[in-house]
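Engineer: Residue numbers (the working numbering), protein chains in the order written: chain U, 86 to 337; chain W, 13 to 314.
The set of hints was computed from the structure by calculation and includes no laboratory data. Don't take each hint at face value.
[Unchecked claim] If you anchor each label on the Cβ, the simulated ranges turn out as follows:
(1) W:GLY135 / U:LEU260: 47 to 53 Å
(2) W:ALA192 / U:LEU112: 47 to 53 Å
(3) U:THR247 / W:THR260: 51 to 57 Å
(4) U:ARG183 / W:THR226: 41 to 47 Å
(5) W:VAL139 / U:GLU221: 35 to 41 Å
(6) U:ALA138 / W:GLY125: 18 to 24 Å
(7) U:ARG215 / W:ALA87: 37 to 43 Å
(8) W:ASP21 / U:SER281: 54 to 60 Å
(9) W:SER39 / U:LEU112: 39 to 45 Å
(10) W:GLU177 / U:LEU260: 53 to 59 Å
Cβ coordinates follow ideal geometry from the N, Cα and C atoms, glycine included.
Given next are the chains, with one letter for each unit.
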Amino acid sequence: MTARLGALGRAELTLLVRNRYALFTALLMPVLMVGVLRSSLDRVGLDRAGMNAMEAALSGGVVMMLILVVYLNLVSAYVARREELVLKRLRTGEASDREILAGTALPAIVLAVAQSALIVGAGAVLLDVRAPARPELLVGGVLVGIVMLIALAGATAAITRTVESAQITTMPLFLVSAMGSGLFVPLEVLPERLASVCELLPLSGVMTLVRTGWLGGGGGAGESAGAALTALAWTVISVFAVQRWFRWEPRR
Amino acid sequence: MTQVIEAEDVRRSYAGGFEAVTGITFSVSRGEVFALLGTNGAGKTSTVELLEGLARPSGGTVRVLGHDPYTERAAVRPRIGVMLQEGGFPADLTVAETVRMWAGCTSGARPAGEALEMVGLGGRARVRVKQLSGGEKRRLDLALALLGDPEVLFLDEPSTGLDAEGRRDTWALVRRLREAGTTVLLTTHYLEEAEALADRLAIMHGGRIVTAGTPAEVTATRPSRIRFVLPEGIPAARLPLSLRAAATGRHVEIRTHTLQESLADLLLWAREAGVRLEGLDARSASLEEAFLDIARNETVGV
Chain U
86 MTARLGALGR
96 AELTLLVRNR
106 YALFTALLMP
116 VLMVGVLRSS
126 LDRVGLDRAG
136 MNAMEAALSG
146 GVVMMLILVV
156 YLNLVSAYVA
166 RREELVLKRL
176 RTGEASDREI
186 LAGTALPAIV
196 LAVAQSALIV
206 GAGAVLLDVR
216 APARPELLVG
226 GVLVGIVMLI
236 ALAGATAAIT
246 RTVESAQITT
256 MPLFLVSAMG
266 SGLFVPLEVL
276 PERLASVCEL
286 LPLSGVMTLV
296 RTGWLGGGGG
306 AGESAGAALT
316 ALAWTVISVF
326 AVQRWFRWEP
336 RR
Chain W
13 MTQVIEAEDV
23 RRSYAGGFEA
33 VTGITFSVSR
43 GEVFALLGTN
53 GAGKTSTVEL
63 LEGLARPSGG
73 TVRVLGHDPY
83 TERAAVRPRI
93 GVMLQEGGFP
103 ADLTVAETVR
113 MWAGCTSGAR
123 PAGEALEMVG
133 LGGRARVRVK
143 QLSGGEKRRL
153 DLALALLGDP
163 EVLFLDEPST
173 GLDAEGRRDT
183 WALVRRLREA
193 GTTVLLTTHY
203 LEEAEALADR
213 LAIMHGGRIV
223 TAGTPAEVTA
233 TRPSRIRFVL
243 PEGIPAARLP
253 LSLRAAATGR
263 HVEIRTHTLQ
273 ESLADLLLWA
283 REAGVRLEGL
293 DARSASLEEA
303 FLDIARNETV
313 GV
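So that you can see chain U by itself, here it is in the shape it has in the complex (with noise of 0.2 Å):
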């Protein structure tokens, strides 16, 4: 099973490297996307939410990051596979359904984990951020979301028919994530029934669980519980779309 793994990582891997505009969506955007955040966040009063605007832009940037290396990399991926009959054709050789899934998405989760070691590693020592307070709620976050972003992408992919569409269906839970998660602004920042709202939103959780994780503070036990189930149930959710709705040859 590695071994299958790792064989269709490693060609996913390949093709990303070969691909211009993918490798900058992963490679470069999110240094940018941390740029705008610090921009915007000066703008907002920061004080209620216990933190500075870069403190909120790194940890901001690392969900961003997520979105970007994993959701949208891994829709076109997916889609670019379906429509080429790549899936198909592995789909009649030895590796399972999940396997298929699991090794296309293995260079997004690997770049992930590295960028996010390196947004936290680069805050710490070149922008004088605090080293993180709860690292178990930092890395479960970044693992969590990164697994419901996987599900997400294939969901999202079912409903893609072409990788030039996937522009497009990639920005509602952009937009959402980016204005409700709390990526721009945190929702302490926010009037409270909306911040209630914006708490139940997909990413909103693992946000929660990565700020918490690195700055501390928080709601204590109960929030950061509350943002785990959260989480944890739109994994579940999106993971139940893809086995129910994954499409794995295009549609003619």
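Once you've looked at the hints, dock chain W against the given chain U.
Structural biologist: Showing chain W alone in chain U's frame:
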């Protein structure tokens, strides 16, 4: 002999209610080359995809090597090789990278170089898949189907898109595989391919198997044919009645199950009557005629 592939009353319906396979039964013995022959839309690919375990039949049972290929995928897949009618490989990988990826997903894979040599792609290992010709892509697909040295090989239109030489090469390869004991199920709409390769064949039309057997058995049920043109002034009515000739103007066609006798009758009559038969042509039934006959009659019947 043990049955390696068994299909019993197999049906396949698509969303929207179209039934592409309407209850077919056949089996393939170990070491046999079996051809599913039919026009486009006859249901060949729909059938093969069920045997490969890509889809679940909507009725009937399928067994490959004694297992259900859909629900017992893990038991069947390591022992079969598949070449789809339209296979897909990432356009930006090279041939060698594609084989390496596939080898990583195949138990007991033979070396990449050997697999590529088998299909004559040895010199193209470093070329990107998108730069291959259509025929070369088919050969790459075949190389991957053979990578795990399978007991059973499914080839869906293996020579479509190949030039004459590529087709001969593929045929030679299938013959070598049969000699080595591989069971092969192939689909084709080339009659000469079925005739050249298949131990047994089934002709499909409209989702059903219309006739099945060895190529000789299938053609044996069909009449032979004699054709010629009568000279001006000799009406077809003067031909011996035993020949049951059908005339269109001066062109005459005789269909017969006893070619030798009919031909003797015709030639003796011609000598006695001093008639010269222009464009005389006598031929045994071919698979092609059987096939065209079936396609024509069935279409009229529908």
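Engineer: Take the hints in turn and mark each one as holding or not.
Structural biologist: Each hint, compared with the structure:
1. A C-beta distance of roughly 51 Å is found between W:GLY135 and U:LEU260, which places it inside the suggested range of 47 to 53 Å.
2. Distance hint for W:ALA192 and U:LEU112: a CB-CB separation of about 49 Å, consistent with the stated range 47 to 53 Å.
3. Separated by about 54 Å at the C-beta atoms, U:THR247 and W:THR260 satisfy the suggested range of 51 to 57 Å.
4. For U:ARG183 and W:THR226, the Cβ-Cβ distance of about 44 Å falls inside the hinted range of 41 to 47 Å, so the restraint holds.
5. Taking the beta carbon of each, W:VAL139 and U:GLU221 are about 49 Å apart, not inside 35 to 41 Å as hinted.
6. Against the hinted window of 18 to 24 Å, the Cβ-Cβ separation of U:ALA138 and W:GLY125 comes to about 58 Å, which falls outside the hint.
7. Restraint check, U:ARG215 to W:ALA87: a C-beta distance of roughly 54 Å breaks the suggested window 37 to 43 Å.
8. Range check, W:ASP21 to U:SER281: about 59 Å between beta-carbon atoms, so the 54 to 60 Å window is met.
9. Taking 39 to 45 Å as the suggested C-beta distance range, the pair W:SER39 and U:LEU112 does not conform, at roughly 55 Å.
10. Restraint check, W:GLU177 to U:LEU260: a C-beta distance of roughly 56 Å satisfies the suggested window 53 to 59 Å.
The structure fails to meet hints 5, 6, 7 and 9 from the earlier list, while all remaining hints are met.
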